[in-house]
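*Asks:* The lines below spell out each chain.
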Amino acid sequence: MTAGDGGGAGGKFEIVAREDYSDLTYMLEVRHPMMARAARPGQFVIVMSHEHGERIPLTLADFDAQKGTITLVIQAVGKTTREMQRHCQVGTRLLSLVGPMGIPSAVSKAKRVVCVGGGLGVAPVFPQARAFKQAGAYVIGVLGFRDKKLVFWEDKFRKVCDDLILCTDDGSAGMKGMVTKGIEVAMKGYRDVDEVVAIGPPVMMRACAELTRPHRIKTMVSVNPIMVDGTGMCGGCRVKVGEQIRFACVDGPDFDGHLVDFEDLMGRLRRYAADENKAMQRWTESCRMGGPGEPGARDWKALAATPPESAIDELVLPDPFDDAQGG
Amino acid sequence: MAGKRTIRTIPQARTPMREQDPQARAKNFKEVACGYSVEEALREADRCLLCPDPACVPGCPVNINIPEFIRRISARDYRGAYDVIGESNLLAAVCGRVCPQESQCEGVCVVREPLEPVAIGRLERFVGDKAIAERWASTPYIEPNGLRVGIIGSGPAGMACAADMAKAGCEVTVYEAFHQPGGVLRYGIPDFRLPNEVIDAEIANLEKLGVRFECDTLVGRLFTIPQMIDEMGFDAVFIGTGAGYPQLLGIPGDSLNGVLSANELLTRCNLMRAKDFPAYDTPVPLGRSVAVIGSGNTAMDALRVCLRLGAQNVHCIYRRTRTESPARAEEIHHAEEEGIRFHWLTNPVAVLDDGHGNARGLRCVRMELGEPDDSGRRRPIPIAASEFEFECDVVVFAIGTNANPIIGQTSKLRLDRRGYIQTDENLATSMAGVYAGGDIVTGAATVIEAMGAGRKAARGMKAYLGLRDPDAAVPAGSLFGIDLRERNFARVRLVPSSR
Ligand SMILES: Cc1cc2nc3c(=O)[nH]c(=O)nc-3n(C[C@H](O)[C@H](O)[C@H](O)COP(=O)(O)OP(=O)(O)OC[C@H]3O[C@@H](n4cnc5c(N)ncnc54)[C@H](O)[C@@H]3O)c2cc1C
Ligand SMILES: Cc1cc2nc3c(=O)[nH]c(=O)nc-3n(C[C@H](O)[C@H](O)[C@H](O)COP(=O)(O)OP(=O)(O)OC[C@H]3O[C@@H](n4cnc5c(N)ncnc54)[C@H](O)[C@@H]3O)c2cc1C
Ligand code: SF4
Ligand code: FES
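Here the protein sequences line up with chains A and B, keeping their order.
So in this note's numbering, spot 33 of the first sequence is number 66, and the numbers just go up one at a time.
So in this note's numbering, spot 275 of the second sequence is number 276, and the numbers just go up one at a time.
Chain A with its partners taken away, still in its complex shape (with noise of 0.2 Å):
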């Protein structure tokens, strides 16, 4: 069995299949069949595109064991995630990808849930209202888009949702206004809604937090702050829950969204903001000049070329849950 190879060269992890939702959201579904049968809803992994690349966290947002692949749904905001939009096509491999990580979403017994997504956060939460549907939930999905152009899964999502609200800033798809003003709504027109799980960037799931906190409506949420191993070993991404210091990535992602100090966790975020704006500028400036020898664009027609290891697709495994449960 092959989960991917040692160091050597090229990458391990095919891209299978591509989607572009809109200029800034695309979706990559990656061969790796033994990590689409152990994921479960609310993990994550870390991926590197290249050599000189950087380890980006990213949400399991879809995974077929069937089919053997994991689906990941990027927004492109900085250097990173920009450079995998230009360079990631199918036939192409990433370097490393490494997971499912995090702790699985709890799914509760919760008769009637809302599943809010916003931004980055609409395809993260998508296995979730999946898992409490299958659970014998009624869920109700709230999906936040700037506008009609950026919207994407609305049919996915409706058919694991009983009841679908969709927004966007505009009001040109769906109802005008904030993910926050949808929540009001499902509440107003479910008064027995007994758990919010809301995904994407720590404003928005502030604001959630805040509007269910009041009803004492039990709010999960799933941090996103910035990490390098994903093992528990470095404490980049530790984050401030109650009285504790917790590692979101081995204690969490999830957490409840009533405790989490997002204050906190937004600071945090912006620690490498100045480094940041430094690799996109750099990085846009090769693209521009279109060098052959710019780090980034060097490895992917080597990685592209580089057959397919076979032996992964081989092995059967049930499931890794049933076992952490127990422990």
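To be clear, the hints were calculated from the coordinates, so they are not data collected in a lab.
Pair by pair, the computed Cβ-Cβ distance ranges are:
1) B:Asp-417 x A:Lys-251: 26 to 36 Å
2) A:Gly-210 x B:Ile-384: 51 to 61 Å
3) B:Ile-384 x A:Glu-276: 23 to 33 Å
4) A:Arg-303 x B:Val-111: 57 to 67 Å
5) A:Lys-251 x B:Met-233: 33 to 43 Å
6) B:Leu-287 x A:Asp-180: 35 to 45 Å
Mimicking DSBU-like on lysine-lysine, the simulated pairs with C-alpha atoms at most 30 Å apart in a straight line are:
7) A:Lys-142 x B:Lys-413
8) A:Lys-251 x A:Lys-192
9) A:Lys-311 x B:Lys-276
10) A:Lys-311 x B:Lys-28
A short list of chain A residues far from chain B (calculated; beta carbon distances all over 10 Å):
11) Ala-50
12) Tyr-59
13) Lys-144
14) Arg-163
15) Gly-169
16) Leu-199
17) Gly-204
18) Ala-206
19) Gly-210
20) Val-218
21) Pro-234
22) Pro-235
23) His-248
24) Asp-289
25) His-291
These figures come from a predicted structure and were not determined experimentally.
C-beta atoms are modelled at their ideal positions from N, C-alpha and C, and glycine is treated no differently.
Given chain A's structure and the hints, the job is docking chain B with the ligands onto it.
*Replies:* Quick look at chain B with the ligands alone, frame taken from chain A:
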């Protein structure tokens, strides 16, 4: 050498090792200590008294036959010296560089005050480097026995266990969560102390033994340990996942930007090559003035990395004194030479905010040593009204680690109170066929101890798998005409043909 060596006849002065000039090296990541030339090694080897009952051997955690390898160096039999070290230590080039020799073999060497002890570590490094340069790999004849062993974690513990199990004929796969193997040797210890080429060479040696490395594999989450045994066909498993999980400062301001663990700093810098930012994408905080809290090897590495990244002032804050400092003596010495400022008997009480969520300084208190505590070291106590502040824009903490929780979260292995894996004296865990060793069992320790644990666990695993340990004493003589000392006899157990 003619005649018997005595304390009077040996060269009196320890042979110095050439080093990069402190001023120059404080600005680059090239190795600080350049190693011995052949002449230097021969001169230093002459200083060993070749004691018949050597003090140094029990001082070594894995009992390398030190006088024997030094005797071989003197005889110019370097390959022989390498083989002698190799009987007990698989990572000569690594350990020669990073072992705390002053508290191990060299600390008990009979060549002592007023002389300096034999430079055992430097000689070991000389032999290890020679082996890498000449590509000596001990590739013994291995008879495959059809048994499969899975190793979790590619640090020194995992590497040592992998080597021994491969030599016993097992098919060995090492799983590593990072995208490159090596553990702390790769992500923690910087290039100027342990160049990547040394680690690569050791990994390549393991690959020559048939060991397979599978990176990007987070065991526990991608698959669990019970699955490895029940479904993936592993006959035994070794856990060497290291300590990790840095302890936090727990003082006001410790989540400000600019405050980070040494592990984060070093991983960004070593593994992710942030030192070459922006050619590599990963950034690292660059401070003008940096304070590192702690005084172990990790702290020394963090201090010296910050200096090389361009910080003007680098301060080391430690609540005890130099005597209690757990770092290797040579590292403290090197750090001092490079211009690191040490503040002994000083403890941080708060990180100061610049008003925008960034660190701007550190408030500290002076300490004094009181009565000895449980560890036998004198307990530092704060001196009243001795608080003072100084400016720094980056604060790095290196005050120890806790157990990594992933294996505990995803298996039913018995853990101790602090979350480390519990084992018996053969390093067997509470799960049959599963062994553990290194930092995940003992808490943060040393490379050589982790390596020793990997080998000890391998002995336990061989016994569990019914493999005879080729190193174990065998009764002399013969039975039914079979020579009992026959060494290459690995397979004892009948393996089902389905494999
Ligand atoms: C557990 C987890 C799951 C995530 N899942 C997804 C996902 O499914 N899809 C997706 O598009 N993104 C996701 N993210 C965020 C993603 O990791 C970042 O957008 C990415 O690291 C940015 O890298 P960059 O080099 O392109 O941008 P950078 O140049 O590093 O940063 C550009 C901007 O993005 C912000 N940023 C940087 N890192 C993060 C981060 N970790 N989280 C949020 N904002 C960040 C910066 O503050 C900056 O404003 C997730 C993050 C975490 C921690
Ligand atoms: C900065 C620093 C400097 C040091 N300097 C010295 C020194 O000079 N001399 C000395 O003797 N000692 C030194 N030490 C201590 C020494 O490095 C450690 O004691 C030793 O490396 C422990 O080895 P190990 O094999 O137990 O674990 P590690 O070296 O920590 O390796 C564990 C590996 O397992 C991987 N892993 C963890 N969890 C999983 C999982 N679930 N699945 C797959 N892989 C996993 C990790 O990514 C890691 O690569 C230093 C330590 C540090 C941090
Ligand atoms: S104790 Fe010192 S002198 Fe004696 S054998 Fe060991 S290294 Fe040589
Ligand atoms: S990402 Fe390093 S500890 Fe969580």
